[in-house]
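As you go down the protein sequences, you meet chains A and B in turn. If you count by my numbering, then the first sequence holds residues 445 to 841, one letter each, in order. If you count by my numbering, then the second sequence holds residues 26 to 151, one letter each, in order.
Please note: incorrect hints may appear among the correct ones.
Said to hold, decoys possible - 25 Å max Cα-Cα, derived DSS-like pairs, lysine-lysine:
#1 131/B / 840/A
#2 149/B / 102/B
#3 150/B / 111/B
#4 105/B / 142/B
#5 131/B / 150/B
#6 840/A / 43/B
As the list claims (entries may be wrong) - Derived list of chain B stretches under chain A, where covered just means 3 residues or more per stretch with a C-beta under 8 Å from a C-beta of chain A:
#7 27 to 36
#8 82 to 88
#9 123 to 136
It is worth saying that the hints were derived from the structure and are not from the lab. Just so it is clear, the structure is predicted and the values come from calculations on it, not from any experiment. Even glycine gets a Cβ: it sits at the ideal position worked out from N, Cα and C.
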Amino acid sequence: MNAEKIRRDFPIFKRRINGRPLVFLDSASTSQKPVQVLDAMEDFYRNSNSNVHRPVYKISEEATEMYESAREKVARFVGARDHHVIFTNNCTEAINLVARGWAQRNVKRGESIVSSVMEHHSNIVPWQSLKGATLRFADVGDSGLLGDLPMDKKTRLVSLTHVSNVLGTVNDVKKIAKEAHENGALFMMDGAQSVPHMKVDVGKIGCDFLAFSGHKMLGPTGIGALVVRKDVADDMDPLLFGSGMIREVTLKGTTFADAPMKFETGTPNISGAVGLSAAIDYLEKVGMRNIERHGRSLTEIAMRSLGGMDKMKIYGPRKNRSDVLSFSLGDAHSHDVATILDDRGIAVRSGHHCAQPLMRRFGVGSMTRASFYLYNTVDEVRQLAEGLGESARVLKV
Amino acid sequence: MSLDMYAEEILDHYRNPKNFGKLDKPDVKVRELNPLCGDQYEFQVKVSDGKITDVKFNGDGCAISTASASILSEFIKGKKISELKKMEQKDLLNLLGIEVSPARIKCAMLAFNIVKKVVEESGKKK
Numbered sequence: 445m446n447a448e449k450i451r452r453d454f455p456i457f458k459r460r461i462n463g464r465p466l467v468f469l470d471s472a473s474t475s476q477k478p479v480q481v482l483d484a485m486e487d488f489y490r491n492s493n494s495n496v497h498r499p500v501y502k503i504s505e506e507a508t509e510m511y512e513s514a515r516e517k518v519a520r521f522v523g524a525r526d527h528h529v530i531f532t533n534n535c536t537e538a539i540n541l542v543a544r545g546w547a548q549r550n551v552k553r554g555e556s557i558v559s560s561v562m563e564h565h566s567n568i569v570p571w572q573s574l575k576g577a578t579l580r581f582a583d584v585g586d587s588g589l590l591g592d593l594p595m596d597k598k599t600r601l602v603s604l605t606h607v608s609n610v611l612g613t614v615n616d617v618k619k620i621a622k623e624a625h626e627n628g629a630l631f632m633m634d635g636a637q638s639v640p641h642m643k644v645d646v647g648k649i650g651c652d653f654l655a656f657s658g659h660k661m662l663g664p665t666g667i668g669a670l671v672v673r674k675d676v677a678d679d680m681d682p683l684l685f686g687s688g689m690i691r692e693v694t695l696k697g698t699t700f701a702d703a704p705m706k707f708e709t710g711t712p713n714i715s716g717a718v719g720l721s722a723a724i725d726y727l728e729k730v731g732m733r734n735i736e737r738h739g740r741s742l743t744e745i746a747m748r749s750l751g752g753m754d755k756m757k758i759y760g761p762r763k764n765r766s767d768v769l770s771f772s773l774g775d776a777h778s779h780d781v782a783t784i785l786d787d788r789g790i791a792v793r794s795g796h797h798c799a800q801p802l803m804r805r806f807g808v809g810s811m812t813r814a815s816f817y818l819y820n821t822v823d824e825v826r827q828l829a830e831g832l833g834e835s836a837r838v839l840k841v
Numbered sequence: 026m027s028l029d030m031y032a033e034e035i036l037d038h039y040r041n042p043k044n045f046g047k048l049d050k051p052d053v054k055v056r057e058l059n060p061l062c063g064d065q066y067e068f069q070v071k072v073s074d075g076k077i078t079d080v081k082f083n084g085d086g087c088a089i090s091t092a093s094a095s096i097l098s099e100f101i102k103g104k105k106i107s108e109l110k111k112m113e114q115k116d117l118l119n120l121l122g123i124e125v126s127p128a129r130i131k132c133a134m135l136a137f138n139i140v141k142k143v144v145e146e147s148g149k150k151k
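Only chain B is shown next, with the shape it has when bound in the complex:
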């Protein structure tokens, strides 16, 4: 049932997303848009010693894409870039802890694709 996607934790992230906002002088920022629905987010991070030391995101979208962005922002904060490079789609789905219906998988993956780019860009920083 698609209703199961709207678990309490997902709705909490949607209503009160973590790390929402903007950073002062971010080292890397990446904005992406889902052309099918117009949802868009920008992730901003600070990078130091091969780690993501701080992260903020802004933009707007549906409950699934917002929760996904919020959860990912928590996940990458403090993590090593080398470690994050290994992150796969299924890791995000595990973090979300819900069964995302095929029609909504793109919503969940919007933030994932941004974060992959953020990690790639961050890897180029010292």
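Extracted from the complex, chain A is given alone in its bound form:
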């Protein structure tokens, strides 16, 4: 895998920030887009733009075929055979669909949903919004590993992230799914940070639900998916009501379409699905194993390089981690560190990373995070280390 060659497919890397090339180390937030994705979306709008599923003319047939083949591609990409792929706006909406559509109906008062302290707000707040269900959270150890799950026979759902967006921890989801099923609970996996970076197979893992976003995996914003076991989908209510999701409407009442259509209300994000499909083609061409290896290798280099700096604290496990790296530079605030890096064209994330309970767990208000993807290089890691050296000098750490 040649990151230098891959970079040429991404127009944004021609940008200069303060006279320097853009060093984009925030792909865990959103990834950059290759020209192949941009072209596919433009091609749809230029040549086949029309609504899907309804009209009978030629270009609508094309649009429907593009949209539905994107669905099949997503299914294949995540190993969905006994699962439906429901397109959503993003990962957060997909989790909300599980909360409002499945959990509100199936988790009774006194029954519990198990999540963890390492979750993104999107895998905490939807569960808090439910009436009746008890929430239990697994703790996170100092080393960034997930603690025991507070599960019992009253647990109906275990909803956990595959990869922590802050710590880079890769949870043993196969074991967790098995444990959930043994307790009679379903397993919902937040794949926002894993699906873009490693081979994920819902069948092999045992996911009843998988949620992820397209924009973190080279696709456009506004498209994501909920992958849900077919028999579980039968037991779910739609999030939104209206056109597209119906079988028959009368003034007295309505019968709904079958899944996945039942859950996709209104005109869907067709160009988004087309872009996501092209993104999957791109990722598969490079190879998910190569992408995972590259990200982990850059993270190891960064850990060695940053780990040697004075007053640097790196969070998360030492080994077996994904390609996000969060740290604190002495008592310097992450926003100040990020501003000084930005001066050199280096984009990192600062703040609480939508994981305030995890920040509290580690006794900090915020962290700085660098995250890597297939287009990042060893030289960019070196520039990050240099920039952090300057941050320490400027901020008198």
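Position chain B relative to chain A; hints supplied.
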């Protein structure tokens, strides 16, 4: 250049903020949080004869928000409430004496928004 924000005076306020701490029996206290980054401060003041006679603040945040809080605490101490009611955002930016980049303006304004509330509340005291 965003690096210019980290002027010596700003860093001095950040490393050694003025009026940092808590007051014994404050007349008014206001706490605010920036939900985007989690930075938060509480301002406490004593009010007498239409003036802010004493001020302390506590909490934590970045260099820009801390310096802004520190500078504002110095600025309002001893000032008439009627005068402080006229204070605008640009007055704070003048006090800071740096060009705050658009991405960081919210950091600078956290303490400003608290102080505006403090002034409003103080105006209700005798």
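So, going through the hints one by one against the coordinates:
1. 131/B / 840/A: Since the Cα atoms of residue 131/B and residue 840/A sit roughly 23 Å apart, the hinted pair holds (cutoff 25 Å).
2. 149/B / 102/B: With a Cα-Cα distance of about 18 Å, the restraint between residue 149/B and residue 102/B holds, given a limit of 25 Å.
3. 150/B / 111/B: Holds: residue 150/B and residue 111/B sit about 18 Å apart, inside 25 Å.
4. 105/B / 142/B: holds, 15 Å
5. 131/B / 150/B: Status violated; Cα separation ~29 Å.
6. 840/A / 43/B: holds, 18 Å
7. 27 to 36: holds (count 5)
8. 82 to 88: Contact hint for the stretch 82 to 88 of chain B vs chain A: holds, 4 residues under 8 Å.
9. 123 to 136: Coverage by chain A holds for the stretch 123 to 136 of chain B (4 residues, Cβ < 8 Å).
The structure fails hint 5 only (numbered hints given earlier).
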